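**Q** Counting from 226, one number per residue, gives the positions in the sequence shown under our numbering.
Keep in mind that the hints were calculated from the coordinates and are not lab data. Quick caveat, the model's predicted, so the values are computed rather than measured. Heads up, none of these hints are tricks.
Straight-line alpha carbon distances no greater than 25 Å define the calculated DSS-like cross-link-like pairs of lysine-lysine that follow:
| no. | residue 1 | residue 2 |
| --- | --- | --- |
| 1 | Lys-269 | Lys-255 |
| 2 | Lys-235 | Lys-271 |
| 3 | Lys-268 | Lys-242 |
| 4 | Lys-255 | Lys-273 |
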Amino acid sequence: MSRLATRQKKIESLMSKHQHFESILNQVNKSISVDDLVITDIKKKKLKIRDEILRLNK
Numbered sequence: 226m227s228r229l230a231t232r233q234k235k236i237e238s239l240m241s242k243h244q245h246f247e248s249i250l251n252q253v254n255k256s257i258s259v260d261d262l263v264i265t266d267i268k269k270k271k272l273k274i275r276d277e278i279l280r281l282n283k
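Whole structure, please, built from the sequences with the hints as guidance.
**A** So, in structure tokens, the structure goes:
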């Protein structure tokens, strides 16, 4: 597999994870009894993935 194809697979995987965390956040925000630390942790993971996607797209 070429480096470009490998990079594209990595980006697709990260985008999938990013979407997964977005879905979790949407579900968590609907819940009344969710700890703010849980939300903060999910947001940090989501941002880390977004930053990695941006880095790979350079």
